[in-house]
Amino acid sequence: MGNTIRALVAFIPADRCQNYVVRDLREMPLDKMVDLSGSQLRRFPLHVCSFRELVKLYLSDNHLNSLPPELGQLQNLQILALDFNNFKALPQVVCTLKQLCILYLGNNKLCDLPSELSLLQNLRTLWIEANCLTQLPDVVCELSLLKTLHAGSNALRLLPGQLRRLQELRTIWLSGNRLTDFPAVLLHMPFLEVIDVDWNSIRYFPSLAHLSSLKLVIYDHNPCRNAPKVAKGVRRVGRWAEETPEPDPRKARRYALVREESQELQAPVPLLPPTNS
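Just so we're aligned: the sequence shown equals residues 10 to 286 in our numbering.
Read the hints as simulated data drawn from the structure, not as lab findings.
Misleading hints may appear alongside valid ones.
[Unchecked claim] Only pairs whose alpha carbons sit at most 30 Å apart, straight line, appear in this in silico BS3-like list of lysine-lysine: (1) K224 / K238; (2) K65 / K118; (3) K241 / K156; (4) K241 / K224; (5) K41 / K224; (6) K97 / K118; (7) K97 / K238; (8) K97 / K41; (9) K107 / K118; (10) K224 / K156; (11) K41 / K107; (12) K65 / K107; (13) K97 / K156; (14) K156 / K107; (15) K97 / K224; (16) K41 / K65; (17) K107 / K97; (18) K156 / K118; (19) K97 / K65.
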């Protein structure tokens, strides 16, 4: 039914569409959830703020770039989805929703996060992927209960050392950034279970065998010359991971050099010199 309604309202002008979508939201939903995703909203419907017991609010895939201060009345919110909108800055009112456990901010135009985000001390999951971040905001390191951090598809070149304070952090997703070295701070976080550094520019991986909680490391699509060493039972996704044995260092170096040369010459180059048989 939801998809049918969205298909119909796609042909209605934006202002009329907004009125059509929210006109039935006059009473508190029994499931304490409001989903206005993909509704072509350009402004937040104020009457939603009267649902004081609301727990989940989904505003994904709209045209929002601001939120009203009245949103602060929703002090029972635990999940707020603002992904796929037009936010250039996180509205301060979001930082007043102290019961938030999950916050989706991906696919916006955020270049930073406000220091007031540290007030969200119940936050367990933070999605900030596909924004305009050139560095991980320091305030993220103050979210002491954070367990999952999605920060892929930004322009991160390194991670702050303060990240090790997040001793509840279990998964970190950094795919599609500009890391040229494996983030050193992650080597001091033995409680991590999943590390994803896919699609970066990392050429060398240090050993991760000492990370006692590690279960999965994704390092594919890096110009690496070695695979990260891991403890027994840890799954690796990348070159020389499960199926193909890792070559010795001399051959790994040769492989990397040949790959660079072949890209320049646009012609195949043998991995090893020919031998006489």
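Name the hints, by number, that the structure is in violation of. 5, 7, 15
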